[in-house]
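The lines below spell out each chain.
2 protein chains.
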Amino acid sequence: MLKTFSCFVLIQTKHQFMAKQIVSKNNKIELGMLTNSSFNLLLTTKYKNSKKIIIVDENTEQECWPFVLTSFEALKEAEVILLPAGEENKVMEVCFQVWEAFTNYNIQRNDLVINLGGGVITDMGGFIASVYKRGLDFINIPTSLLSMVDASVGGKTGINLGAHKNQLGLFSSPELTVCDPSFLSTLDPKEILSGKAEMIKHGLIASKSLFNELLNDKNEIPSSKLIEEAIQIKSDIVDRDFKENGERKKLNFGHTIGHAIEGYLLEKQVEVTHGECVAWGMLVECYLSYELAGLSLEELEIIENFIRKTYSEISIVEADFGQLIYLMGHDKKNQGEKINFTLLNAIGKSTVDYQLDEAVILEALIKTFTT
Amino acid sequence: MLKTFSCFVLIQTKHQFMAKQIVSKNNKIELGMLTNSSFNLLLTTKYKNSKKIIIVDENTEQECWPFVLTSFEALKEAEVILLPAGEENKVMEVCFQVWEAFTNYNIQRNDLVINLGGGVITDMGGFIASVYKRGLDFINIPTSLLSMVDASVGGKTGINLGAHKNQLGLFSSPELTVCDPSFLSTLDPKEILSGKAEMIKHGLIASKSLFNELLNDKNEIPSSKLIEEAIQIKSDIVDRDFKENGERKKLNFGHTIGHAIEGYLLEKQVEVTHGECVAWGMLVECYLSYELAGLSLEELEIIENFIRKTYSEISIVEADFGQLIYLMGHDKKNQGEKINFTLLNAIGKSTVDYQLDEAVILEALIKTFTT
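Residue numbers (the UniProt record's numbering), protein chains in the order written: chain G, 1 to 371; chain Y, 1 to 371.
Just so you know, the hints here were simulated from the structure itself, not pulled from any lab data.
Keep in mind that a hint or two might mislead.
For chains that are exact copies, the list does not tell them apart, and a pair is met inside one copy or across any two.
No more than 16 Å apart at the CA atoms, straight line, and that leaves these computed lysine to aspartate or glutamate pairs for EDC-like [said to hold, decoys possible]:
no., residue 1, residue 2
1, Lys243, Asp137
2, Lys52, Glu175
3, Lys52, Glu77
4, Lys349, Glu73
5, Lys52, Glu337
6, Lys48, Glu304
7, Lys367, Glu247
8, Lys46, Asp137
9, Lys51, Glu337
10, Lys349, Glu58
Pulled out of the complex, with its shape left as it was, chain G reads as follows (with noise of 0.2 Å):
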């Protein structure tokens, strides 16, 4: 996943600015160098005394932990867990190893735990913690775009059931979340358009003009700016409803489908990421936007392009369709027996809540993937 580092280092040294605090009512995040954020002053005031457990991947063990080691003092005894990388590890076997080392480090309820990784990690770094003697505090580091924008985001912590994506978890704030998009130059490519994906989706539901940038954006990766306006949309959303009994929906855009499409591909052991999934649920929602809720068919066509010119075409046969319904009947958003989507009004503008039932979801599944 992640590529050198080497050019990161040099980075690190450059800026010296402080990391900028995201305006955020439940969620103390800052998007910045993280040797400037106040990761460090926490580490030597309110968990002074306390065991640092560093949660990490394969990937993010060897390209960030060594940085973050060096950078602070305060981490040179903590304990580092080493979780096998990918979405398919997200499950309670690698949570019920984790928590035997925490028995055995004597890990106590004021000690901390650091999640150092992209999605995987902090979603079940989060879980992980979160349940481990009713709730140890932890500190997300996100490495990867995808879990910059998203993951690291809102307080959702969760992992896998089968092929159920999240299907167990808890609503769990971290005590801080550091973005620091030096991390972002060591990913590959397809880890970049993973992320780019929900920032793609944050400019449909609710902003236009980040939409509008992102379909512009020359560069491979994001700039701070737009990283920064993306996860303003996604913590306003998630302050103006914590526990997604309304609005906070709107952030399922695309993952009614792409949660399913995901499940789907995990089974069938097909490498694909999390972002390649939304983009192609959220063209299958826009089609379903243009029927259903109002979304023009000149829109429609900017974003179809978009998604068929930026992300590699997914193959699924007709004949596993059903499969994907089924998938998406257990998705958590639904009410009873028909499928709960957000759908698109227009580039910017979403509504929650809409049921629809099979037949429908089957056209534009058959219009997204066989044309």
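Dock chain Y against the given chain G, drawing on the hints supplied.
Chain Y only, in chain G's frame:
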């Protein structure tokens, strides 16, 4: 655990008073007949369109569920999930099976879980509900004295991890708890004594008058008035400190040792109730209270006589005291390496956060178990 059902139905038809609401900020608790509580109103209004899942164990399925089913029309189509009884089944493997059943039943976030059973069912059922799809609502109907006065009040949910009691769990409050004393007439005397230990604890830490009433109580089953007093003490403490940062630790009196005893005996497959372990844990901690917290010799002797007279002896060989202390080291309430205790200054008055080291604990264990 549960004996007969016949007299129970009789009681249910004899009293027609409304259930009494316990004054509580964080929990809605009612004491009285289930049929006269707000249970039915909730089922037929807030949860009118929700699927209802009843979690029972082998005992409550036979002894309680038929009555509940026939009393509430709204439960006619409820799904029943039957779990094996006993503390040794309060483990993740069992939760996993329930989550798989939830998935098969296509349970959604607005559905309702009803826990009908003792502490194992309410603790584990609360945990199962609280982490499924980031939290289903649940209602607790405790059927044992222990779960009425303790497990169902205060928003703690949890399961065991190996010999470590409640190592996994979270704070999560039920929508409603109904404590119906009619269920108690079906319990084995051993189970009544188990719950009584927690009531004695509530007296010891916060109410000399409750302790004295229990000391002089000749009834096998404590009266509703005493149960109400015990619940109210716990509820008041929890209201002042829901997340257990301070005063709530008072409720751990007897439990630092008691949990270790229980974990130790659980591993040895010795059958013992939670309350018995707490009773003996309290005695050990009373010796510590006498040594370190100002409990008078006279009061120590009153408590000692009461516990030794009321609870059957537990046999722990001196060679295993080290193992007990190891298990205490993994109790949730420790800070750093010393072991955290709540001790009594007098009957009805307690202080939290005594940090003790092994030698003094060892001495108290010897006094309790080798004399």
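For each hint, the structure was consulted:
no. : hint            : in the structure
1   : Lys243 x Asp137 : between (20 Å within a copy, 13 Å between copies)
2   : Lys52 x Glu175  : within (14 Å within a copy, 35 Å between copies)
3   : Lys52 x Glu77   : within (8 Å within a copy, 49 Å between copies)
4   : Lys349 x Glu73  : neither (47 Å within a copy, 44 Å between copies)
5   : Lys52 x Glu337  : between (45 Å within a copy, 15 Å between copies)
6   : Lys48 x Glu304  : neither (51 Å within a copy, 41 Å between copies)
7   : Lys367 x Glu247 : neither (28 Å within a copy, 61 Å between copies)
8   : Lys46 x Asp137  : within (11 Å within a copy, 34 Å between copies)
9   : Lys51 x Glu337  : between (47 Å within a copy, 11 Å between copies)
10  : Lys349 x Glu58  : neither (39 Å within a copy, 52 Å between copies)
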